[in-house]
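Undergrad: Here are the chains, one letter per residue:
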Amino acid sequence: MHAVGVLEAGLCKYVLISYGHSGRWGEGMLRMLLGRNGDDAVFGHFGASAGYAMAARRAMHEFNTGPETWEKIAVGQRKWANLNPRAMMYDRKMTTADYYSSPWVVEPFRLADNCLVADGGRACIVTTVERARDLRHPVVTIMGLGMHSPSADLAGSRYMAGPTGARAAGKAALDMAGIGLDAVDACEIYDCFTYTVEITLQDYGFFRPGEGRDWFAGGTIEPGGRMPVNTSGGLLSEAYQMGLTPLTEGVMQLMGRCGDRQLGPKTNNKTPEIILCSDNGGILQSHACYILRKG
Amino acid sequence: MTYNKPLPQIGADTRFFWEGCRKHVIRIQKCGNCGHLRWPPAFLCPRCLSADTRLIDVSGRGTIYSYVIYHVAYDPSFKVDLPYVVAVVALEEGPHILTNIVECDPHKLTCDMAVEAFWDDVTETLSLLKFRPAKP
Numbered sequence: 001m002h003a004v005g006v007l008e009a010g011l012c013k014y015v016l017i018s019y020g021h022s023g024r025w026g027e028g029m030l031r032m033l034l035g036r037n038g039d040d041a042v043f044g045h046f047g048a049s050a051g052y053a054m055a056a057r058r059a060m061h062e063f064n065t066g067p068e069t070w071e072k073i074a075v076g077q078r079k080w081a082n083l084n085p086r087a088m089m090y091d092r093k094m095t096t097a098d099y100y101s102s103p104w105v106v107e108p109f110r111l112a113d114n115c116l117v118a119d120g121g122r123a124c125i126v127t128t129v130e131r132a133r134d135l136r137h138p139v140v141t142i143m144g145l146g147m148h149s150p151s152a153d154l155a156g157s158r159y160m161a162g163p164t165g166a167r168a169a170g171k172a173a174l175d176m177a178g179i180g181l182d183a184v185d186a187c188e189i190y191d192c193f194t195y196t197v198e199i200t201l202q203d204y205g206f207f208r209p210g211e212g213r214d215w216f217a218g219g220t221i222e223p224g225g226r227m228p229v230n231t232s233g234g235l236l237s238e239a240y241q242m243g244l245t246p247l248t249e250g251v252m253q254l255m256g257r258c259g260d261r262q263l264g265p266k267t268n269n270k271t272p273e274i275i276l277c278s279d280n281g282g283i284l285q286s287h288a289c290y291i292l293r294k295g
Numbered sequence: 001m002t003y004n005k006p007l008p009q010i011g012a013d014t015r016f017f018w019e020g021c022r023k024h025v026i027r028i029q030k031c032g033n034c035g036h037l038r039w040p041p042a043f044l045c046p047r048c049l050s051a052d053t054r055l056i057d058v059s060g061r062g063t064i065y066s067y068v069i070y071h072v073a074y075d076p077s078f079k080v081d082l083p084y085v086v087a088v089v090a091l092e093e094g095p096h097i098l099t100n101i102v103e104c105d106p107h108k109l110t111c112d113m114a115v116e117a118f119w120d121d122v123t124e125t126l127s128l129l130k131f132r133p134a135k136p
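Just so you know, the protein sequences line up as chains A and B, in that order.
So the first sequence is residues 1 to 295, counted in this note's numbering.
So the second sequence is residues 1 to 136, counted in this note's numbering.
Heads up, some of the hints might be wrong.
Claimed, not checked - Straight line, CA to CA, 16 Å or less: simulated EDC-like cross-link-like pairs of lysine to aspartate or glutamate:
1. B:108 / A:107
2. B:5 / A:39
3. B:23 / B:105
4. B:130 / A:40
5. B:130 / B:103
6. A:13 / A:130
7. B:5 / B:120
8. A:294 / A:214
9. A:13 / A:134
10. A:270 / A:134
11. B:5 / A:134
12. B:30 / B:92
13. B:23 / B:52
14. B:130 / A:39
15. B:79 / B:121
As the list claims (entries may be wrong) - Reference listing, derived: stretches of chain B covered by chain A, where coverage requires no fewer than 3 residues with Cβ under 8 Å from a Cβ of chain A:
16. 19-32
17. 81-95
18. 107-118
What the hints assert, rightly or not - Here are a few chain A residues that sit away from chain B, every Cβ distance over 12 Å (derived from the structure):
19. 39
20. 42
21. 49
22. 57
23. 104
24. 107
25. 130
26. 135
27. 153
28. 158
29. 175
30. 183
31. 260
32. 273
It is worth saying that the hints were derived from the structure and are not from the lab.
Just so it is clear, the structure is predicted and the values come from calculations on it, not from any experiment.
Every residue gets a Cβ at the ideal spot worked out from N, C-alpha and C, and that includes glycine.
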């Protein structure tokens, strides 16, 4: 959104959005995931995994969700990673039984509900459509953007089980794009945890609270499914590169640069025209939605 | 035995709370203008922005808003407690507070379950406000 702002203001011609991190041996990622947040540490409460687990537990109480829903997300995304040679989990299959035998980390989350910690980097370039037409790769246009940041501290909130920022951000992005969800061919959702995918799609309006269990059933998000989600494997099964994992995958899919996982005849999916991407920060405290179009 | 777990970072905003804990009293800020009870402590009311702040003692009764069960000790000092419960408790008077649920079977807890204050005197000068399932 800031990139569009500086381009529109004429401050520059191209904006590079980049991220790189040696997460597996540097300590920055661990500090974020496990670090001390004020006096929470006095009670043994640390980091992102437990914060999201707290939100997910409240969600289990308020609507019909839990491991039966999250298993379909973990297993479905792994099938995409198995088509992506760059994915950390390319060579490792995951079955439903594998999901349930994954050890508890902070219950209700198992290890398989958690994203990866990765070494690597991602980048994409934002410019005007006019300039993009002169460049080497096919044009992908930003149709709509929305951001919403509802709370400074999830523990103090009265709506821990949603709606999250995805509700208002998704609506803003769809309104700007002038489309409904039925025009979306695939989604690239920020998936720090399995539950994040469910609550984000739920708040966008793909299904009503608790109907995710049925919506995800039958391979909905998998190769050949009716709504492909996180087609690189995502943060759960490709690599953790912040919001650039979903965003760059959306762009690459629309450019047709995704190899064996390219949506279309290879995966028995529709060749995508419009892809919805999300980013998310804090413990569900800030949210961004991007809608991308081919051409 | 020395207490080796993380200690609270007591500052000007939170000193009243920890001093209350030491006396086994739960002190919460109440806005002198609009009456809103707030947690975490702050010098302005987040609802009306008044700086007129009173302190009240609350009952120690509440319900579990949400909770998680730790199976991994991110800080080694908590290893002896595994599996342990961290919860957000909704105090009867309103505010939500992060705490532990003790004296319970973690797998028998549910959201909205009634709990009551349990004082854990961890050092001579530090008592922690924890909760346990309410006695009928």
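Undergrad: Hey, residue 108 of chain B versus residue 107 of chain A, does the alpha-carbon distance stay inside 16 Å?
TA: Cα-Cα ~13 Å, so holds.
Undergrad: Using a Cβ cutoff of 8 Å, are there at least 3 residues of the stretch 19-32 of chain B near chain A, or does the coverage claim fail?
TA: violated (count 0)
Undergrad: When you check the alpha-carbon spacing of residue 79 of chain B and residue 121 of chain B, does it fall within 16 Å?
TA: Given pair residue 79 of chain B, residue 121 of chain B is violated - Cα atoms ~19 Å apart, limit 16 Å.
Undergrad: Mind checking the alpha carbons of residue 13 of chain A and residue 134 of chain A for me, to see if they're no more than 16 Å apart?
TA: holds, 13 Å
Undergrad: At 12 Å, judged by beta carbons, does residue 260 of chain A keep clear of chain B as stated?
TA: Its Cβ never comes within 12 Å of chain B, the nearest being 35 Å, so this holds.
Undergrad: Under the criterion that the straight-line Cα-Cα distance not exceed 16 Å, is the pair residue 130 of chain B, residue 103 of chain B satisfied?
TA: Satisfied, since the Cα-Cα distance of roughly 10 Å is no more than 16 Å.
Undergrad: Given the hinted pair residue 294 of chain A and residue 214 of chain A, is their alpha-carbon gap at most 16 Å?
TA: violated, 30 Å
Undergrad: Keeping to a limit of 16 Å between CA atoms, is the pair of residue 23 of chain B and residue 52 of chain B held or broken?
TA: violated, 25 Å
Undergrad: Does the alpha-carbon distance linking residue 130 of chain B and residue 39 of chain A stay inside the 16 Å limit?
TA: Satisfied, since the Cα-Cα distance of roughly 13 Å is no more than 16 Å.
Undergrad: Confirm or reject: residue 57 of chain A is not an interface residue toward chain B, with every Cβ-Cβ distance exceeding 12 Å.
TA: violated, 5 Å
Undergrad: Is the Cα-Cα distance between residue 130 of chain B and residue 40 of chain A 16 Å or less?
TA: The hint holds at about 12 Å.
Undergrad: Against chain B, does residue 175 of chain A hold up as non-interface, every C-beta pair farther apart than 12 Å?
TA: About 30 Å separates residue 175 of chain A from the closest Cβ of chain B, which puts it past 12 Å; holds.
Checked against the numbered hints listed earlier, the structure breaks hints 3, 8, 10, 11, 13, 15, 16, 19, 20, 21, 22, 23, 24, 27, 28; every other hint is satisfied.
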